[in-house]
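J.: Take a look at the letters that make up each chain.
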Amino acid sequence: MSEYFGVKVEDIFNTMPERFRPEGAEGVTASYGYSIQGEGNWRLTVKDGKMKIEKVDAFSSCATVTVTDGETFVGINIGKVDAMKAFSSGKFKVEGDFGALAKTAKMFRKYVPPPKEMSTREFILDMFATLEKRFQPKKAEGLNVSIGYDIGGEDGGKWTAIIRNGECALKEGLVGKPTVTLQVQSAADWVALMLGRIDPLSLLSAGKAAIVGDAQLALKLGEIFSPYVPPGEKAKELEQELLVLRKTISVNQRFATGPVMGKFLKGLKDKKILANQCPQCGRLQLPPREVCAECRVRSTGWKEVGPKGHLIVNEIVYYASPDPLTGETRETPYGSIHVLLDGCQGNETFWHLLRPDQIDQVKEAWEDEKGTRLRPVWAEHRTGSIHDIQYFEIDS
Amino acid sequence: MGHRKKNRNVAIVGIGQTRYSSHREDVNQPEMIQEAVRLALKDAGISIAEVDAVVHGNMELFEMVHQPDLWHVLGTGAYGKNAFRVTTGGTTGTTIAAVGDNLVASGMYDVALVIGFEKLQEGHTTGGITNMADPLWARNLLTGALTGTTASRMIKEFGEERAKRASMMMRVIMDKHAALNPNAHRSFGLDFDQMESLMANSPKLVGELQLIHMCSQSDGACALILACEEKAKKMTQKPVWVRDHITVHREETFNLFGNEPVEMTHHFAARHLFERNGITDPVEYFDVFEMYDPSSWWGLDWLREFFLLEGDEHLKLVENKEIMVGGKIPMNPSGGVIASNPIGATALVRVAEAALQVRGDAGRHQIPKSVKHALASGFGGTLWTVLFILEKELTGWGDAK
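Residue numbers (this note's numbering), protein chains in the order written: chain A, 1 to 396; chain B, 1 to 401.
One chain only, chain B, in its complex shape (with noise of 0.2 Å):
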């Protein structure tokens, strides 16, 4: 894949979210995105007249809304600046990350606004999804992203009560998690002995997918605030370097269901990316990872594929609660896409809270050890995957190749 080093360092300096809700009758959707503008240029110190340019993402077909950036002008602060809308599905959220940081990188601009959000309350989330497949053949059998094949294929490998367990256990850590995380949309204070009557009790969606599994519908914004290293030294005492990116899709996904074994985007992203910025043993390297998981049993599975695991070790980094708050490689400690999902805003809470993680600021959800190097995805589409490495410090991780 082509890939040249950075033109010029970028951090990002300034991290805004609203709460996360079922519903946010009470504002509309310009009203929803100021205040995460609000709050991320605050956190930032700046206001509006320093930013050069916004970058604007959401899902093209849930509110039904075409353009609307051109509304929601008035929350974003985009008038008669350099203006971008990006929609990339689920990842549309870490895609305009990437915008930020190329835009930025590229010393066209030096501050960039990136703003995701949705308001799932307003159209049809399962609907709108389904309208993504083609509708020549594909959108006749899909049910948005709500699919049973992971669980299937992970109770055939590892057997029935090991898979649904492990898979269960995640989704308890997962509420642990949202229970400390003040903006979280549900938390519901589950615990470990409850596990056996949620796998008993909790309705059917798909095959062994159970609603307690799969994400919430939620109503939120996020925004960051990028800048050149220049403008980011003046700007805060906590720059968090935006090290790497990589895009990674494959369209046929979805008709990819036969024998032979298929490289998953997220291994091909992760494999890439790891090895051009010399990682050999990312479990080791990272102190945090904030996952795009869409359901507790993907969540699971896709552990192995970010961490190019072999066999059940992702298993036991679950079992053994590895991945808990405490654990050696906690995985959202914000909750997660599990207790929070405002789709278009999604992935990129996903990067500002791995940032919140290396600045140390994530108060309650903070991980009690030093948070060095940060690791954030995220999903969509027909698998798509854009996969970020956050630094705290500038130097001593090497020059990228």
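Looking at chain A on its own, in the form it has when it is part of the complex (with noise of 0.2 Å):
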């Protein structure tokens, strides 16, 4: 499909039925042929004050059909070509009932072309000169940063805005070391960022964008700077207003522990580590448990295991999420791990937390090699709680 004047032939056809007047077509029961050299043959019926556009073979009960090529047929449908100069030159011919054709104009709107699609380079040119007129100096207040964005590809670039006394000056290339540098590989997906199309976290997992430098400045952008607008949607504001409403929850909570996981928490207190122990199976549990899953019966004997034990599993964790008993957000990196105390086997773990600064020097167990020693350090105030142990450490 050829465009000429940037609009296909079908791009006419198509949108026939949302241009469509129905007080146009009162009264008019009729069946129109267009053929359009090289493009192909559709057929508009009309009746009922209603229309159906159909790309056909061959036209039959035609009361007119029109010939023409692509490029006539659609300067007369978006005003660029004279239609009777183009009749009187024959480049658009009508066989059949003229007077029928001639009805058609009222029963359409005229033709809009849709706003062409900027281009990647368009948008990102336009994104940085509307940078400074979005700067919101009241979210600045106090600010002397300067922000970098490393732009990559074609039709990227380097820029840098430098935010001072509540002013934003926007400079070419990266200017000194910026506060943070927004660096982006590829700049189609800046603009996608921009428009909301993809979230930043996405390409950081990705690994297509990074941050360098203060972290904290590149999340409050989005305050600093007001959201870019593509030219010519201003007016395109939603008609109806869409809120989020924010709220917190905060409650306060007791948890019964029940006799079993109250003398495991009370042996805590005094330094102790008890297991209790299924009748039948004879397994440990840790912390302990009323009954034996499998077995389906009360644990009802104790054992004292431990304090030190081997390190099997030593998870690193990065990722800093909240405790939700507290609502603090937990300090990381910090090693998860799962010890296997003296005085248990096979799978009877232990399942606590490492001494920080240790956690990149123990071994984790595998196969026949066992992990590396550990012990508990004690709180000083025990209250019967996980943080009665304050973590374990490698015991040398």
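Check the hints yourself; a few may be wrong.
What the hints assert, rightly or not - In silico PhoX-like pairs for lysine-lysine, Cα to Cα no more than 25 Å straight-line: (1) A:158 x A:103; (2) B:42 x A:220; (3) A:363 x B:156; (4) B:42 x A:52.
Quick caveat, the hints were computed from the structure, so don't treat them as lab data.
Nothing here was measured: the structure is a model prediction, and the numbers come from that model.
Build the complex from these two chains, which are given one at a time in their own frames, with help from the hints.
T.: See below:
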């Protein structure tokens, strides 16, 4: 399909249903054929104030058939070619009832080509050309920083936004050492990000973007600059306001331990680690459980184990998640460990934490090789909780 | 395990999915659910009046709305109908599919609508998952569903380079599949030549689990309509028959990190389900597998569990791209959970996507061969497994024992 004046022939036909004016088709019952050389044949059927357009192989029972070329057809529809001139020069022929064809003029609103898609390079230039205008001084009070933009690829470029004394100035290139530099490998990704089509975390996790320098400042950029709006879309604000309500739920809770877990927690207060034992299969459980889920009987036996043992698994956690019992963000990295305490065997491991400065100094167990020997570090004030053991550390 | 033959046959007759996205701030929860319900009804060619029972499910603590089915009744259409709410963590989606199947198979209801949804942007996912653990001990230690133990074990078993490359290759394959699925939340346009740089640059979460390996956090809803054989045959030319499903869970899994081998719930489920259905070679039997793959380390490891494979057979399936669309046993042509993860809907999406493959209606991510037998899995909580077998034909698979 070729384009004429930036419009395809099929664009004219495909938009007919949405351009149709039933009031202009009142009382008309007819079929119209359009033969566009090199493009194909279409048939328009109008009946009872409704219309149908379809691509056809041959015309049957059409009141008129219009024969023309793509350039003339598109040109007439978008007002670039004079219809009478085309008709008299023979570029636009009508077979059949010319009067019937004239009625179609009232049936459709004029075709208006959609705004042309901006190229990535045009977007990039417009985004930085409007950056100073989008600066929000109130959100940048007291900030004396510079933000580097390093956008890769042919369409990219480098800019630095210097924010000082409530004003923002944009310079080309990376000036000095910016407080934070946003690096994006592809200009198309930056455009998609600015238009809200992808989220920044996705780019970061795919290794397609990086934040160098003050990451906290990077998080604030959405406030310091108002969102980018492409040209011509300013009037396109949502008719319906969409609001997001922010809520924080904070609930004080109390959890009863029951006698089994209670005995174990009381043991920690006395610097003892107590496992309980299934009377049928003999396995130990740490922390203890009321029943052995496999044998479905009460675990009634008790055995003091550890407190030292060997490391089995050391999970180094880098992701800072909230502690759901306090709401505080956990400090990272930390080592979440499973230890086989002395007196335990097989899968009777104990789950706790490793001393933070030792997380990369220990060895996990594998097959016949034992992991690093560890000992618990007890808290001074013990209350009968998991925190009675601060963490395990290397036993040397 | 006690298991009886169905009272009557049940088919999936309607499938509806919203697009999956990081932000659906244009709609509230019932509005989003309604999108999926409307599409499923349209697909089945019925109105809500013909639905007898509605099953609703999502994660309990993610949006912090208790009994959300009350609010959501505006979008589910459950008003005045037999309505059930089910929540089983990540498996919720497959559990509600199982409940829908059981409700219809029992003869109690002819047509059931099952709906899974999640709006993860409205809460805190990792915080929500951590709350699943017991508050007396494990909640202090858990970091949501993030764990590097599988990566660590696989690196020990297969060597660092081979294990890391295989999991990243699975990640890239999933990304390529997601690119074919217009509903998918994330598709980065990754290619195999980027594997080295992804391994080097993607931020670490826990151990060798990197951000790029991990599933997304998505908003979205999925709805399925299940009908008894008599009605299904009237409603659609392409019913997808629910042959069998199994649910397995083991509460202690958090604590099992010792030296003794443990049979994983996935393996247990697959072993029992295939045995009672007379399936001896699952890789040969199934044409497609929609797996609940929360990370590309788990996805890789679990291929061995679900297909009852030995040694490094699962690595070879990935390394030889047999799990890719066009391969021997395509896995997650939809892009899987790594691409889209509205958790309460996620497992239901596996069943829905497997059913679309059986129908031949998956669009651009339809696999290029006839799909007669499909497998779909759900995963959640302390290693729950729900496993589904879907069939194109109602006959030819013998009597379930």
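J.: Run every hint past the structure and note whether it holds.
T.: Do the hints match the structure? See the list:
Our distance criterion of 25 Å between C-alpha atoms is broken by residue 158 (chain A) and residue 103 (chain A), whose separation comes to about 57 Å. Our distance criterion of 25 Å between C-alpha atoms is broken by residue 42 (chain B) and residue 220 (chain A), whose separation comes to about 44 Å. Between the alpha carbons of residue 363 (chain A) and residue 156 (chain B) the distance comes to roughly 12 Å, so the proposed pair stays at or under 25 Å and holds. Under the criterion of a C-alpha separation no larger than 25 Å, the hint pairing residue 42 (chain B) with residue 52 (chain A) is consistent with the structure, at around 24 Å.
Of the numbered hints listed earlier, those contradicted by the structure are 1, 2.
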